[in-house]
Amino acid sequence: MTSKMGTIQELLATKPPENSQKTQYVDTVEAYDKWAEVYDTDGNFLQRLDTIEMRSLLPRFIDRVSKRFQPESESESEIKTKTTRPTLVDLGCGTGRNTIQLLSALSTANKASSFSVIGLDASRGMLDVARTATREYAAKSATQIPEIELGILDLLQPEVSKTQLPSGLYETGAVGVISTLVLEHIPLEQFFAAAAEIMRSGAYLLVTNMHAEMGMRSQAGFTDERGVKVRPTSYCHDIPDVLAAARGAGFEVEDVVGAGADGVIVRGVDGELGDVLGARAKKWVGVRVWFGVCFVKG
1 MTSKMGTIQE LLATKPPENS QKTQYVDTVE AYDKWAEVYD TDGNFLQRLD
51 TIEMRSLLPR FIDRVSKRFQ PESESESEIK TKTTRPTLVD LGCGTGRNTI
101 QLLSALSTAN KASSFSVIGL DASRGMLDVA RTATREYAAK SATQIPEIEL
151 GILDLLQPEV SKTQLPSGLY ETGAVGVIST LVLEHIPLEQ FFAAAAEIMR
201 SGAYLLVTNM HAEMGMRSQA GFTDERGVKV RPTSYCHDIP DVLAAARGAG
251 FEVEDVVGAG ADGVIVRGVD GELGDVLGAR AKKWVGVRVW FGVCFVKG
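FYI, the numbering for the sequence shown is 1 to 298, going by full-length UniProt numbering.
By construction, these hints were calculated from the structure, which means they are not laboratory data.
Mixed in with the good hints, there may be bad ones.
[To be verified] Below, computed lysine-lysine pairings styled on DSS-like, alpha-carbon distance capped at 25 Å:
| no. | residue 1 | residue 2 |
| --- | --- | --- |
| 1 | K140 | K67 |
| 2 | K111 | K282 |
| 3 | K283 | K229 |
| 4 | K111 | K67 |
| 5 | K22 | K229 |
| 6 | K283 | K22 |
| 7 | K34 | K67 |
| 8 | K22 | K282 |
| 9 | K22 | K34 |
[To be verified] Label-pair distances were calculated between CB atoms; the ranges are:
| no. | residue 1 | residue 2 | range |
| --- | --- | --- | --- |
| 10 | A139 | G298 | 38 to 44 Å |
| 11 | R200 | R131 | 22 to 28 Å |
| 12 | D42 | D63 | 31 to 37 Å |
| 13 | A261 | D128 | 41 to 47 Å |
For each residue, glycine too, the CB sits at the ideal point set by N, CA and C.
Throw the hints in and build the complete structure from the sequences for me.
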């Protein structure tokens, strides 16, 4: 079920421009290939907010996955001797921003040897940055980190991409998947179908995304060296549509600390958070900009 609002590009075209900056709309993968070099340093406050939220969400996510797929009765030595560890996937890993947070959270929870981690993205430019970032993280880490593998998966063309995935991912399925600030670029039915296909029954899916209240006024993008705003295709997905599409693909909402009655955590920008997130967040005070939700596959 794709959001009834259509693409953000179409929505914004009906409104007067806020400034005279030239905007170029390009293919999503092409946009992220171009964005990769500056993605982590261009001051995007939504990425910063997502990073902050994932610091608390990931440990609880790992605990939930561990209790279901790594029983406490199983000793660490037994886990280490297994030929295939349960897999956690960062779906749409980008530059590895949250892949590294996932690796760190696993190490902190003493689960580095319990799981392997796979980061998947459609952009080779993003994966190049992620490859360097994860290698640097591993080299600097004072503790053991999980096995990490990076690969291509285009959620808009999953049938073309899946032949390149590690075979074990389709044979056994991931026990946990995180996908952060990715949903904006994918029709809902395609996203949840692709996620379900790489997950085993009972596995958990943690999703974060731009809130539709922000999506009605803006979308992902960056300013290139020419001063042109480069934007990929984006969709303004509202929360009820997201939940309905997830149910249609066989997912149910899991309770999460801090969530509302629908199981969704929502964050808006207030003055205090604006100070934390930086100058670009200030114009969004009073607007809901981010949401997160955890699902379980039936």
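Status of each hint after checking the structure:
Straight-line distance between C-alpha atoms of K140 and K67 comes to about 29 Å, which puts the hinted pair past the 25 Å bound. Among the hinted pairs, K111 with K282 is inconsistent with the structure: their alpha-carbon atoms are about 38 Å apart, more than 25 Å. Of the pairs offered as hints, the one joining K283 and K229 holds, with about 18 Å between alpha carbons and a cut-off of 25 Å not exceeded. Of the supplied pair hints, the one linking K111 and K67 holds, its CA atoms being roughly 12 Å apart against a limit of 25 Å.
Taking the CA atoms of K22 and K229, the gap is about 6 Å. The hint holds against a cut of 25 Å. For the hint linking K283 to K22, the alpha-carbon distance of about 21 Å falls within 25 Å, and the restraint holds. Distance restraint check for K34 and K67: the Cα-Cα separation of roughly 40 Å exceeds the 25 Å cut-off, and the hinted pair is therefore not satisfied. Between K22 and K282 the CA atoms are separated by roughly 23 Å; this keeps the pair inside 25 Å, and the hint holds.
Using a Cα cut-off of 25 Å, the hinted pair K22 and K34 holds, with the two alpha carbons roughly 17 Å apart. One distance hint, 38 to 44 Å for the beta-carbon pair A139 and G298, holds here, with the actual separation near 40 Å. Separated by about 27 Å at the C-beta atoms, R200 and R131 satisfy the suggested range of 22 to 28 Å. For D42 and D63, the hinted distance range of 31 to 37 Å is satisfied, since their beta carbons lie about 33 Å from each other.
The hinted window of 41 to 47 Å between A261 and D128 holds, with their beta carbons roughly 42 Å apart.
In summary, the numbered hints that this structure violates are 1, 2 and 7.
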